[in-house]
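K.L.:
Based on the provided sequences and hints, a complete structural model is requested.
Chains as they are written, first to last, in the numbering used here: chain A, 176 to 478; chain B, 176 to 478; chain C, 176 to 478; chain D, 176 to 478.
There's no promise every hint is true.
Any copy will do: because identical chains look the same in the list, a pair fits if it lies in one copy or spans two.
Derived DMTMM-like pairs: lysine to aspartate or glutamate, alpha-carbon spacing no greater than 20 Å straight-line [claimed, not checked]:
(1) K336 with D360
(2) K443 with D388
(3) K443 with D323
(4) K423 with D255
(5) K443 with D222
(6) K336 with D358
(7) K423 with D195
(8) K423 with D388
(9) K390 with D222
(10) K390 with E277
(11) K336 with E193
(12) K336 with E304
(13) K390 with E193
(14) K423 with E212
(15) K336 with D271
(16) K423 with D471
(17) K336 with E373
In short, the hints are calculated from the structure, not lab data.
Each chain is listed here by its residues.
Number of protein chains: 4
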Amino acid sequence: MRRLGQILDQIHDRIHEEADWGLPAQYIPELASVDREQFAISAVTPDGQCHSAGLAQRPFSIQSISKVFALTATLGRIGDALWTRVGREPTKVAFDSIMLLETDHGRPSNPFVNAGAIVTTDALLAGREPRQALAEILGLVRTMAGTDDIYINDRVAQSEKRTAERNKALAHYLASHGNLVNDPDLTLGTYFHQCAIEMTTEQLAMSGRVLADLKCAPPTISRAHARRTNALMLTCGHYDASGEFAFKVGLPGKSGVGGGILLIAPRKASIGIWSPGLNGYGNSEAGTRAAAMLADMTGWSVF
Amino acid sequence: MRRLGQILDQIHDRIHEEADWGLPAQYIPELASVDREQFAISAVTPDGQCHSAGLAQRPFSIQSISKVFALTATLGRIGDALWTRVGREPTKVAFDSIMLLETDHGRPSNPFVNAGAIVTTDALLAGREPRQALAEILGLVRTMAGTDDIYINDRVAQSEKRTAERNKALAHYLASHGNLVNDPDLTLGTYFHQCAIEMTTEQLAMSGRVLADLKCAPPTISRAHARRTNALMLTCGHYDASGEFAFKVGLPGKSGVGGGILLIAPRKASIGIWSPGLNGYGNSEAGTRAAAMLADMTGWSVF
Amino acid sequence: MRRLGQILDQIHDRIHEEADWGLPAQYIPELASVDREQFAISAVTPDGQCHSAGLAQRPFSIQSISKVFALTATLGRIGDALWTRVGREPTKVAFDSIMLLETDHGRPSNPFVNAGAIVTTDALLAGREPRQALAEILGLVRTMAGTDDIYINDRVAQSEKRTAERNKALAHYLASHGNLVNDPDLTLGTYFHQCAIEMTTEQLAMSGRVLADLKCAPPTISRAHARRTNALMLTCGHYDASGEFAFKVGLPGKSGVGGGILLIAPRKASIGIWSPGLNGYGNSEAGTRAAAMLADMTGWSVF
Amino acid sequence: MRRLGQILDQIHDRIHEEADWGLPAQYIPELASVDREQFAISAVTPDGQCHSAGLAQRPFSIQSISKVFALTATLGRIGDALWTRVGREPTKVAFDSIMLLETDHGRPSNPFVNAGAIVTTDALLAGREPRQALAEILGLVRTMAGTDDIYINDRVAQSEKRTAERNKALAHYLASHGNLVNDPDLTLGTYFHQCAIEMTTEQLAMSGRVLADLKCAPPTISRAHARRTNALMLTCGHYDASGEFAFKVGLPGKSGVGGGILLIAPRKASIGIWSPGLNGYGNSEAGTRAAAMLADMTGWSVF
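P.N.:
Below, the structure written as structure tokens:
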């Protein structure tokens, strides 16, 4: 499909022309020093072809995009039992907010805010060794992406472990409401490592094939499961800018503070985008704009 | 399309078998006394055919579904200028909540919570007579539905006017932040009347054709406008149960406390559902379940 | 007591030297245009002598100080039944905040925030004509102050009535929770008029004699009643700066946006202070500093 | 003073007659198992005499009453610099609430809610060894009480350390806003040990002499410092029931979840009360009633 390749090239060029890059995440030392003028976009079509533009083979830290994979692994393991511990509603507060946990008695609003992701990982861990849960998540990511060349960057994980007081506060607060079953430090250690998975946009695009219901996807999760994950990504995937993303892009997406975005165009394509500078909501500045351009140029909006 | 008719009949039968009806809205006297064991569903397909089951020709009070039409009229009149006064984010608070208005300095989160709808109607009114704005909304509804047989029930409007202290509080609070340009009583009077529009599920289904991008739709609003309205319906259309609705149904929808739901399956169908009993979020109890059944049986989920 | 007169003179001089006047209340047109470089202080001692400095015979709008008198009148009429409708706790939110009403289901935190004062006045009104309730409050003020030369400024009341959208929002919100027994407009009309009572600092100081338990006080309310009113003034009398006022002044006090402060030094003196410019909390800027100076120079802190 | 002794005996008898004991703190295992039908009250008069009734020589865990001593020690060391990190306003939320920390960007409302006390202890610790800060607090308590027979119960401290996830969440949240200068674990370790100080009501009453400005008090802190501490105790000393306590008792007081209350009647007496069962606000059920009886019977209210 020649046209898709051209579209990605045009997006790549416009992003570099506009030169509005945002600021890399400052609170994780290993990420703060990244050169922000970087961009990559990859899209896989139903036939399995992957089109790319920019630095599509440069691995980056997927951070919160890992919440999609952890959720998938957890639902695969315990099914709907997860929903007794986490909600499915978008909120209008920041990704690391703790306020709603108090009014909601320790039950996070959804699995894509930090508190909800910590509970999800805790449910996956379930008394096992962190490395077992991490092997399960990483194995799933590799299967979904169709490659074993995906790793956890331990330095990033350690870097976050030293600094992430906010996540520690969330974990202990959840524990105070009995909504963690493991030692908070073990759950957080697992969570920080899952966030430190590194992927390229090509790998990210490949990993979303089953969510996009592409013919080329490996048989990992059921259609119903994929649909529900997409629904959560659309309503909650960009934190307190999720409504805006749905309004402007019209596709399920999940962002990470590493600057990545996994974007799903059901039955059309699975897309990976990366640019490390962030906007005020913690989502990739250039990546968000690229997603809107792609939706405009392809008409892939689900609406 | 024989199959769709059968599906609607099956849904109708299951709803009556399950006999789980919820409770009609108690705070509007005219609505409180409605018999709750009523149900209707209608779906229009791209070819313009309308399939129905149940009481599809019984008019009901569309209430908050009118917010979709008022938004459409307002965006048609002032365009994106509306967004300086209203946001586009889902919230996790009830439809008539006033809390977030305080932290957000009088700017409602989205046009589908009450405060946001009052601002939208205020922007449409813009110094004119209430009857002019109402004529504009009603005219739009009739055009979209392709029939002139749609009216405002003045008794319901008066009934609400007498009782709706919460909406009065919202209007005066908005005014205190300078986010109403008309006298609060005029804006509220217009709002209460727009909510008192009565339609059948057939008419409701017909009115959504343009949002669903059906071939049979009258040319009223642009595709971009329709997509954005659908995005808002999906993320915010069921108040603090919007995430849940997206998760279980996977289609843009807008509910009203009269028990109606307008449901959009892009390029597949436009659907009207009605059952007057409500669940705890103020959405039709049986109607919400019917929407989930329909999505399951047709595979129309956008995800 | 010569020394007290000298202290008041010194305070008066320092206030004028410091020339830090704040800004008169902007939201009530009649008050916004007042010259802010004005100051008065009066103190009545147990023997009935009244010492003053500055413009002690200039009447000003007592505004929220009227909440003390309305509370006194209401407790006199219905006693502790009031506390089923209003709490007795300080809050950390502004005087006109509406947020806590939502979480507290329409029960104001205390009788000195606006919502609590509106409920208090509503309880006093109790189905009667507004002029009856107003006559009762005004009569009480005159008795407590020992003079009939105290009036309501109708122009100020009308001015506020036209502009006070926030108070209207509060009243309708209270009504939506069933915590108003009269028509919101009648209760608000009474409230706006009670706030428009005008007094001089001399009259204000005289009116507080019974609260201060001075020998010269007319027998109006019981000692227990006075003590509890003082307790409320100390914990809640300066809104979200009440803790600060207790910390720096150490005396029960009630401020009004007209720039007045009623200050009670139990068994020592009753004090009236006025300077129309306000600080960021809606309390008199110079008046608050004068209160702190007086407490420092006299050692009258209750602590 | 014979009469005071009789009053305390009467209070003791009435408390045992009423037999309304509340429930001991459940979240600290070492405290949960305490027999709740215990009561003690002691009062020291200006001449240094200590009158008691009940189990006045039984040591109990002072818990949050230690916040008064830690505040005193910290103000003695760094003075008003503390107030850049902690506010002085009462709140209407529970003692262990984390919500307001988010809206206030990590600055606790006052030094008597848990978050504020943790910051206070952190400021006292200031890079030193926990045992140095603890020696300072314990030394101050012993000096104020005039006895060396006061110790920290290490078992209680360890018991709390294992369970207090809520306090850990507060500490890490404060750290995430840069409002802790020490490692959160060190600050918390110090805090848990300070809370585990054990005193009898006799010792507690003796320790409050300087706050009550009694002639018999050892010269430890200035009158101004004592007054301000008393003001904070009155407005914030009983958490979200502080207004109620001021209304009913009218004296500065600080409660602890061990069931103790330190009560200050300026220039009249310093009082220690203990009964381990708590009310819904985390304050001693019988102790709070005893404080109200004492104020009624003595007329010691500051108001």
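K.L.:
If a hint holds in the structure, say so; if it does not, say that too.
P.N.:
Results of checking the hints against the structure:
no. : hint           : in the structure
1   : K336 with D360 : both (10 Å within a copy, 15 Å between copies)
2   : K443 with D388 : both (8 Å within a copy, 18 Å between copies)
3   : K443 with D323 : neither (25 Å within a copy, 40 Å between copies)
4   : K423 with D255 : between (31 Å within a copy, 13 Å between copies)
5   : K443 with D222 : within (10 Å within a copy, 24 Å between copies)
6   : K336 with D358 : both (15 Å within a copy, 14 Å between copies)
7   : K423 with D195 : within (18 Å within a copy, 38 Å between copies)
8   : K423 with D388 : between (23 Å within a copy, 18 Å between copies)
9   : K390 with D222 : within (7 Å within a copy, 29 Å between copies)
10  : K390 with E277 : neither (44 Å within a copy, 46 Å between copies)
11  : K336 with E193 : neither (35 Å within a copy, 51 Å between copies)
12  : K336 with E304 : within (17 Å within a copy, 24 Å between copies)
13  : K390 with E193 : neither (36 Å within a copy, 38 Å between copies)
14  : K423 with E212 : neither (23 Å within a copy, 40 Å between copies)
15  : K336 with D271 : within (15 Å within a copy, 25 Å between copies)
16  : K423 with D471 : within (9 Å within a copy, 27 Å between copies)
17  : K336 with E373 : within (17 Å within a copy, 37 Å between copies)
Comparing the model with each numbered hint stated earlier shows that hints 3, 10, 11, 13 and 14 do not hold.
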